[in-house]
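Residue numbers (this note's numbering), protein chains in the order written: chain A, 12 to 167; chain B, 12 to 167; chain C, 12 to 167.
Treat the hints loosely; a few may be bogus.
As the list claims (entries may be wrong) - If the Cβ cut is set under 7 Å, some of the chain A residues that face chain C in the computed set are:
1) Thr-92
2) Gly-93
3) Ser-94
4) Val-97
5) Leu-126
6) Glu-129
7) Gly-133
It should be emphasised that the hints constitute simulated quantities derived from the structure, not laboratory data. Note that CB positions come from ideal geometry on N, CA and C, so glycine has one too.
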Amino acid sequence: MSFEARIQELGLTIPQTPKPAANYVPAVQTGNLIFASGQTPTIEGKLVVQGKLGREVSIEQGQQGARLALLNCLAEVRSVTGSLDVITRVVKLNGYVASAEGFVAQPQVVNGASLLLEEIFGVVGKHARAALGVAELPGGAAVELELIVEVRTRIE
Amino acid sequence: MSFEARIQELGLTIPQTPKPAANYVPAVQTGNLIFASGQTPTIEGKLVVQGKLGREVSIEQGQQGARLALLNCLAEVRSVTGSLDVITRVVKLNGYVASAEGFVAQPQVVNGASLLLEEIFGVVGKHARAALGVAELPGGAAVELELIVEVRTRIE
Amino acid sequence: MSFEARIQELGLTIPQTPKPAANYVPAVQTGNLIFASGQTPTIEGKLVVQGKLGREVSIEQGQQGARLALLNCLAEVRSVTGSLDVITRVVKLNGYVASAEGFVAQPQVVNGASLLLEEIFGVVGKHARAALGVAELPGGAAVELELIVEVRTRIE
């Protein structure tokens with residue numbers, strides 16, 4: 012089954028590519044790698060999971076935020092490739108979690124995105140990862156993700 | 012027009028490669044990619060934009076800091092390639108902004124660097140990006156940048 | 012001398028690959044690059060350098076933590092390649108230091124890892140680097156490292 016079909020089967024929708032918050036582009040391809048810009052849990056440009064983990068945002072809300080941010084990252088990749096079916100490997104996911112003093116469960120939060128990658132891409136979705144707790148994120152987002160994927164076709 | 016000529020036309024100067032603060036090198040080339048080490052707003056080794064955004068550093072000062080840090084990143088790239096004219100694409104810019112509690116305008120700050128990339132490199136400068144708010148940066152810097160660029164020539 | 016022999020000569024041991032804290036893999040190879048997942052100072056899964064620099068963790072303890080995290084990163088690379096002797100260049104090290112308010116000596120802390128890379132890999136170990144001060148790290152770790160290396164053989 013193609014990844015695009017799998018996304019449909021899971022009842023998910025890859026959103027329109029989020030408009031960059033500033034002077035940059037959603038993603039850049041170099042050789043077989045695509046570097047996607049950082050994404051937060053926005054729906055149609057509106058941030059929906061705001062605040063810090065360990066304070067006003069629960070782990071479950073953070074995980075949901077990570078899922079939304081991941082769908083935005085995939086939209087960025089698709090804006091370059093036209094389809095997610097050209098992905099041959101999810102290489103790296105970096106998850107930045109806005110963390111109140113003493114919150115140290117960043118891996119659990121970022122797992123919201125990691126599990127979704129596995130659901131969609133199976134073995135191709137098995138990625139390297141880092142989870143980090145940061146002071147603040149753009150617009151007060153609870154989570155920000157960065158994604159690197161490997162693709163089949165060189166598009167220029 | 013070459014990028015080096017464009018830099019001159021803009022009245023900019025790429026500084027001497029900043030001496031690494033510790034046991035590493037300014038940049039490493041692997042295949043067609045150059046990974047540049049993190050840079051802060053230093054001029055001749057002296058940090059000139061210190062403190063946190065949302066406290067003692069204004070957005071305008073942060074943007075100026077991002078411009079200075081970017082020039083230092085470009086110096087690092089040039090230390091490997093000899094010229095910025097071999098750059099075929101600016102791939103990824105990561106901007107880390109030292110952020111006081113509640114400061115969430117990281118994208119505006121990092122834009123100081125993104126706009127400069129566009130001014131110098133035009134379409135080649137259209138990059139993927141992440142903007143993040145961190146607790147502290149080396150020496151009390153207000154901004155730190157990391158840059159990945161794609162280059163024409165393999166130099167070994 | 013091979014890097015594996017050099018590690019033995021230095022009296023170091025590359026640990027068993029640390030079990031990922033969540034749904035991801037230790038490292039991913041794409042082309043000649045290996046991206047290793049973020050690592051903290053764990054020994055057999057137990058975090059041994061906890062807390063923040065500038066508060067309860069000294070610079071010396073932080074450096075020791077960086078050394079341990081680096082050995083874990085190398086274990087991740089070896090889990091993909093079978094041997095560290097295939098490394099042709101250490102490309103990039105990112106060091107994230109859990110930093111209390113006002114702690115700005117992140118480069119000194121991350122040097123624990125940079126010096127070890129030099130000891131083991133010599134010129135091949137000369138890497139690009141970024142050092143950043145973050146709010147919190149998984150499990151309360153004092154340091155987290157990310158590593159990118161270039162390798163000789165494409166393994167699939």
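The hints, checked one at a time:
1. For Thr-92 (chain A), the shortest C-beta to C-beta distance to chain C is roughly 15 Å, which exceeds 7 Å, and the interface hint is violated.
2. For Gly-93 (chain A), the interface hint is violated, the least distance from its beta-carbon to any beta-carbon of chain C being 21 Å, above 7 Å.
3. For Ser-94 (chain A), the shortest C-beta to C-beta distance to chain C is roughly 19 Å, which exceeds 7 Å, and the interface hint is violated.
4. At a threshold of 7 Å, the smallest CB-CB gap from Val-97 (chain A) to chain C is about 14 Å, leaving the interface hint violated.
5. Given the 7 Å rule on beta carbons, the hint for Leu-126 (chain A) holds: about 5 Å separates it from the nearest Cβ of chain C.
6. Given the 7 Å rule on beta carbons, the hint for Glu-129 (chain A) holds: about 6 Å separates it from the nearest Cβ of chain C.
7. A hinted interface residue such as Gly-133 (chain A) counts as satisfied when its beta carbon comes closer than 7 Å to some beta carbon of chain C; here the least separation is about 12 Å, so the hint is violated.
Of the numbered hints listed earlier, those contradicted by the structure are 1, 2, 3, 4 and 7.
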